[in-house]
Amino acid sequence: MFHSIEKQLSHAFRAHIQARYGIDLPIAVEQPRQSDFGEMAVAAAFQLAKQLRQAPRKIAAELAAEIGPIEGVAGMEVAGNGYINIRLDRGAYAFGLLRGDAQAPIARDDKIIVEHTNINPNKAAHIGHLRNAALGDTFVRMLRARGQRVEVQNYIDNTGVQVADVAVGFHHLENKNAADVKALIADASVRFDYYCWDLYARISGYYKDHPESLRWRAAALHAIEAGEGDLAELAHAVADAVVEAHLATMLRLGVEYDVLPRESEILHLRFWASAFELLKERKAIYLESAGKNAGCWVMPGLSEEGKVIVRSDGTVTYVGKDIAYQLWKFGLLGKDFFYRPFKTYQDGRVLWITTDDPAAEPGRFGHGSRVYNVIDARQSYLQDVVVAGLRGLGYDEQADQSIHFSYEMVALTPRSCADLGIPLSEEDKKRSIVEVSGRKGLGVKADDLMDTLIAKAREEVDSRHPEASAGERGRIAAQIAIGALRYFLLKFTRNSVIAFDLQEALSFEGETGPYVQYAAVRARNILRKLEERGERSPDFAAELGREALARQLQAEDFWQVLLAASKADSAVDRAVTAGEPAHVAKYAFQVAQAFNNFYHQYPVIHEENREKKVFLLWMTDFFRAQLERTAAILGIEIPDYM
RNA sequence: GCGCCCGUAGCUCAGCUGGAUAGAGCGUCUGGCUACGAACCAGAAGGUCGGGUGUUCGAAUCACCCCGGGCGCACCA
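My numbering runs 193 ahead of the 1-based position in the first sequence.
Be aware that one or more of the hints could be misleading.
Below, computed lysine to any residue pairings styled on SDA-like, alpha-carbon distance capped at 20 angstroms [claimed, not checked]:
id : residue 1 : residue 2
1  : K806      : L290
2  : K514      : G420
3  : K369      : G420
4  : K622      : G634
What the hints contain is simulated information worked out from the structure, not anything from laboratory work.
Please put together the full structure from these sequences, using the hints given.
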């Protein structure tokens, strides 16, 4: 509702300015600094002032006088040096909300691909991975809330160095063969992804002390690539088991995927060979004849020496494969995976995985019109190489539609390491922040963090609701803990480094997920209490007319609070444009805050005046709906009680 | 050396793409549970927006230069 008036206003001004002054100007609708200035403001007069060589205030007066009536707008006034402040028709606005006028999002045919999570399947997930998944998943929910078709991909690098390293660890450090590892995976008393976490740190340390053992890695990579022998079998068993663990971890957070494209299929289906031909044919890469890159296929332009894509021994670098993969996402490779269903989520969504078996299903994924790669900021150079690759092939449009959805890392402070019992080197102790490192086994495991949060929420729930069953208390504690975690990961904007603080992450008060949940629970409680008292929830549309709404909304308090709650679409829209899930989180908090204030000030059920009571109930129900919707976009569930 | 990110209240962070008197949470202090359960609400204190120069009607926001912190810049991924 708010959003559609914003758009109407913007169009009306743009058209009027075009007709009146012959200037085409995109009009931004702003929010006035103070609420008594009105609900919206247009600053177009400032932009016009320069071109028209007239005082902004004079132009603003002209605009306001001449633009004519706009639906839903009750008045305009010129303020300050040239602002046009807009006042809405409160009764009409509320009546529109009550009737549910918010227009359905426009369904689009084109598909957006969002790739996120992408964890190397060789060890347990840590908080850094959680930030990636929470950002990616929330952005997907934001896009879908706007009616956009979205495909979620979680790329699995099951043949890479990191998996090879753990395979080497099993083989050389623990003398285990594929059968032993499979037995370990089947052993319910062992958390296999945690086991690998430790083993990965061990083998990394071993390489450091015994550099000559790096040939084990090379041999393992070779075996995995050939897909033959016990070591390859072992590596696949590791990757498959760890992928399952990651999917389970992410499901706890409410994160689901559509397809798992795997590196092994990119290899077996020879994606790279096709990309290589394209790159050579269109001269996006060249064979270097001299210098330090002699004998390599190099992509020029990114640095003086260019970026090596194919090594002098003929093997392709990771970026090369990534270019092939990016081409596939746009449907430009001329090759496709085969797919089989991998699992079905509780909500019925089917997760597919790639396969090289031609008997399986062909093309149902890829062919995106835009691609978001949720990858941390440290990899921006490589993302630039991939985009340069598309450009080199002449795919400028797709290059423009390749978006590196980058975010800064989650780091630990030396203090939080001490709290968590993580030992640090003397060097690290002096730093302001310490990078999470799988290689060093340094970090907070995702499942451990969730367990800690759930235990803390459980204490709170237990003390408040001793009468509830243990199972129910557990379920609610989990909802609260996950709400707290998702909000914590989302409240920071993407390019802010999160210095992880356990105390802060564990907080359920103030600007947190549980605060938002609590407001929604309170709204539900009012409506439930009403029915417990034997009263029916009124038929709002029948009892509240436009005049009644206008009458009640003369109270500034009610109007401000309703206004705040009605801006969800506008907030999501801005957040999508800015690429910032944090904006949605902030908005959810503000709505919750407005409701908590309303809740405290106005007893709804005990209101004596019938019209006012129905109005307050409607406000409560509207808040509830908006809070639930916004929380759902953040992936936060609302518990039955708190 | 080159490139990217960050620097805003004691702490952690917003600041809607250049607009009106710079905001929030935490912490501190004061007050509020016989209302729909206080995981809440109200109020107070707290700022040279790292520093400087410029661009213009207007700069936390844009440009340039410093200072401080972080991250990249492989025939690793």
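Practice task
Hint by hint, work out which the structure violates, then give me just those numbers in ascending order.
Solution key: none
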